[in-house]
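There are 2 protein chains.
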Amino acid sequence: MARIVQKFGGTSVGDVERIKNVALKVKAEVDRGNEVAVVLSAMAGETNRLVDLVGQMGKLYDAREYDVVVATGEQVTVGLLALALQDLGISARSWLGWQIPVQTDDVHGKARIENIDAAELDRRMKLGEVPVVAGFQGLGEKNRITTLGRGGSDTSAVALAAALGADRCDIYTDVDGVYTSDPRIVTKARKLDKITYEEMLEMASLGAKVLQTRAVEMAMKYGQRLQVLSSFEDKPGTLVVDEDEIVEQEIVSGIAYSRDEAKITLVRVSDKPGVAAAIFGPLADANVNVDMIVQNESVGGNATDLTFTVARDDLNRAVATIEKLNTVIGYAKLLSDPNVVKISVVGVGMRSHAGVAQRMFAALAEKGINIQVISTSEIKVSVLIDEQYTELALRALHTAYGLDAA
Amino acid sequence: MARIVQKFGGTSVGDVERIKNVALKVKAEVDRGNEVAVVLSAMAGETNRLVDLVGQMGKLYDAREYDVVVATGEQVTVGLLALALQDLGISARSWLGWQIPVQTDDVHGKARIENIDAAELDRRMKLGEVPVVAGFQGLGEKNRITTLGRGGSDTSAVALAAALGADRCDIYTDVDGVYTSDPRIVTKARKLDKITYEEMLEMASLGAKVLQTRAVEMAMKYGQRLQVLSSFEDKPGTLVVDEDEIVEQEIVSGIAYSRDEAKITLVRVSDKPGVAAAIFGPLADANVNVDMIVQNESVGGNATDLTFTVARDDLNRAVATIEKLNTVIGYAKLLSDPNVVKISVVGVGMRSHAGVAQRMFAALAEKGINIQVISTSEIKVSVLIDEQYTELALRALHTAYGLDAA
Chain Y
1 MARIVQKFGG TSVGDVERIK NVALKVKAEV DRGNEVAVVL SAMAGETNRL
51 VDLVGQMGKL YDAREYDVVV ATGEQVTVGL LALALQDLGI SARSWLGWQI
101 PVQTDDVHGK ARIENIDAAE LDRRMKLGEV PVVAGFQGLG EKNRITTLGR
151 GGSDTSAVAL AAALGADRCD IYTDVDGVYT SDPRIVTKAR KLDKITYEEM
201 LEMASLGAKV LQTRAVEMAM KYGQRLQVLS SFEDKPGTLV VDEDEIVEQE
251 IVSGIAYSRD EAKITLVRVS DKPGVAAAIF GPLADANVNV DMIVQNESVG
301 GNATDLTFTV ARDDLNRAVA TIEKLNTVIG YAKLLSDPNV VKISVVGVGM
351 RSHAGVAQRM FAALAEKGIN IQVISTSEIK VSVLIDEQYT ELALRALHTA
401 YGLDAA
Chain P
1 MARIVQKFGG TSVGDVERIK NVALKVKAEV DRGNEVAVVL SAMAGETNRL
51 VDLVGQMGKL YDAREYDVVV ATGEQVTVGL LALALQDLGI SARSWLGWQI
101 PVQTDDVHGK ARIENIDAAE LDRRMKLGEV PVVAGFQGLG EKNRITTLGR
151 GGSDTSAVAL AAALGADRCD IYTDVDGVYT SDPRIVTKAR KLDKITYEEM
201 LEMASLGAKV LQTRAVEMAM KYGQRLQVLS SFEDKPGTLV VDEDEIVEQE
251 IVSGIAYSRD EAKITLVRVS DKPGVAAAIF GPLADANVNV DMIVQNESVG
301 GNATDLTFTV ARDDLNRAVA TIEKLNTVIG YAKLLSDPNV VKISVVGVGM
351 RSHAGVAQRM FAALAEKGIN IQVISTSEIK VSVLIDEQYT ELALRALHTA
401 YGLDAA
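Going down the list, the sequences are from chains Y and P.
Note that our numbering has the first sequence beginning at 1, numbered continuously upward.
Note that our numbering has the second sequence beginning at 1, numbered continuously upward.
FYI, nobody ran anything at the bench for these hints, they're computed from the structure.
Hints may be right or wrong, so weigh each one.
Which copy is meant is left open, because identical chains are indistinguishable; a pair holds if it fits in one copy or across any two.
Calculated pairs, EDC-like style, for lysine to aspartate or glutamate (alpha carbon to alpha carbon, straight line, at most 20 Å) [unchecked claim]:
| # | residue 1 | residue 2 |
| --- | --- | --- |
| 1 | K20 | D52 |
| 2 | K221 | D167 |
| 3 | K188 | D176 |
| 4 | K142 | E120 |
| 5 | K333 | D305 |
| 6 | K142 | D117 |
| 7 | K142 | D122 |
| 8 | K59 | E17 |
| 9 | K142 | E129 |
| 10 | K59 | D87 |
Generate coordinates for the entire structure from the input sequences, incorporating the hints supplied.
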């Protein structure tokens, strides 16, 4: 007997028939003799509909009321699934964030889970009841509903799994696992049987939108075994586990990409101490996240060219912030370009292998693709290139690292 | 300064523009220097949509999960209105049943309010904040969401008004008040300025679907002044008040009707003690409400004809229940007829005036309308007639009692 938390996303509970299909998936796990808890998202499209209603209410924005409205999406699906499970003869009841409670901080709209009191759920699961828990929502310190931010149901599931001491947290979604690259672009991409938390974190934050980053971080922190699998097919997915569990580690596990990038270059910034702080401090204050940064010597001495990337949605805000600073920092020209993509080679194996980055640069050069910015970490190498080469670069790198399916 | 509870029904909050219109109605009351609390229904059609989803989940029906799902409708509207009010510069926040709490019994799907802890709302209203309260929902004894049954938001509003010691509870709806009869049928119907609780109760339960019966009962119990008025027009509605407040009382205040009736006649039931109990006991056990009852001597001695009415939806269940009893009670024939209507003349003034019923019988006779069953109370006379004469009867009676608009 194992204890399993199953999480189903919005497309998996998108309509009445799909919710009944989810009930069958839960029943299959119960029939295997396992203790099961379920975490659900809202029906696909419902959260967007609710967010849109909130947006139409006026210029002012009270995140506490936003949370009241959008949390209803999950409340509907947990009630419906509890009924569908009961109809299959399974003892089940719905749980809302405030009922458990899933205690969070008071940052409405993107709250963080602080504690889950799982004692009552634990007791009921031992008696054979299946708790059906609303993902994405919690209870703030002032007895008001909070939500965790978009995609937060993955985090709810992992946190609940950790609190319940679950053997596995299964994230059911509309893909059947984590691939070596985006299979819509790289037809030779392969599904991975296992991936480490660290790699998954890089894949998730780099744009392979399978799992929410915070959920992977939390799983890593608690050593919670995760599985990503399809709710529409009946086969194993990809296990996200500790590095120790993977015996034969590949050097590179996957090639990820992110189109959510924009590049800013400040030409001939004066090259003196404190300039970087004068630029990135105000950007941080304006809530702009800066990702890659490179600084080159400029042609005309005493000055330098500074290039960095921001989220594409933040580009206008970033440019406006910097233009206000021109008298302070002094630059010759500001160039911005939203038509870039970040391509990343990810693998824990590269820690112990040299030449991984070099192979990347060679493969791109061979296709005539110019690298604009490079950044590296212990387990990844990322480059920024012109967006029009996205597909070409992904396929070339996938082949270069020997990832192509036979 | 007065303290007012404003309740807006589903059509009044049916879309974004209408919710903003509601915010203006609330602001107008605040601008008059009044303390205001608001109670809302779900957007028109939303509760039906949710009930339909629940119905599709299977044969089993857990009213606790039904409540979880359908309570979301009001949760959405209170969040949205709080935002719309804030956008107008009014301090406002939403309150869900479990947050106040609105304590109810555990009869899920049609719970009764047991207590409202209004201390915190009272404190905030004194500071100028407008509580926006989800109608229709409460918190049961086991920390689960309950709902009050369809139309329960009126009851929520009256209960909240009583708990807050409000000077008036304004029920905004899609009609502009209580009329002497249904204005869609009786074009000469007049809007009443005032009506007593007792009359309103008869009008409401007899089919003038302006106010929920339980809400009127509760208002009467607590002496809570009510006003029914339109959310789409800016003019006074109808006040529902104590009899003492109405100086010049008409003998008859209105002519109501209900199509939700069906007639059952048992021909030649043996005329002996205990027969009525043998029939109406099992009907009560089958949850069938019996309304009008008449018993006539049958032609062939020692037996009697028994006629009574039930809700039209309950007719099949009532007939099935009685047919099972035939060996016990013994009747010659069971006749049933769903094509009947109940017409009622209502007025507290008839307590002190004779001849009210007679005028009704004469007016109907003059139009050649046969009366099938009669029942009377202190303040009303009801007759059951063939449904095809509904409009004719209503207009004739409206004229006969001098209610026609000049």
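Where does the structure disagree with the numbered hints, that is, which hint numbers, in rising order? No numbers; nothing is violated.
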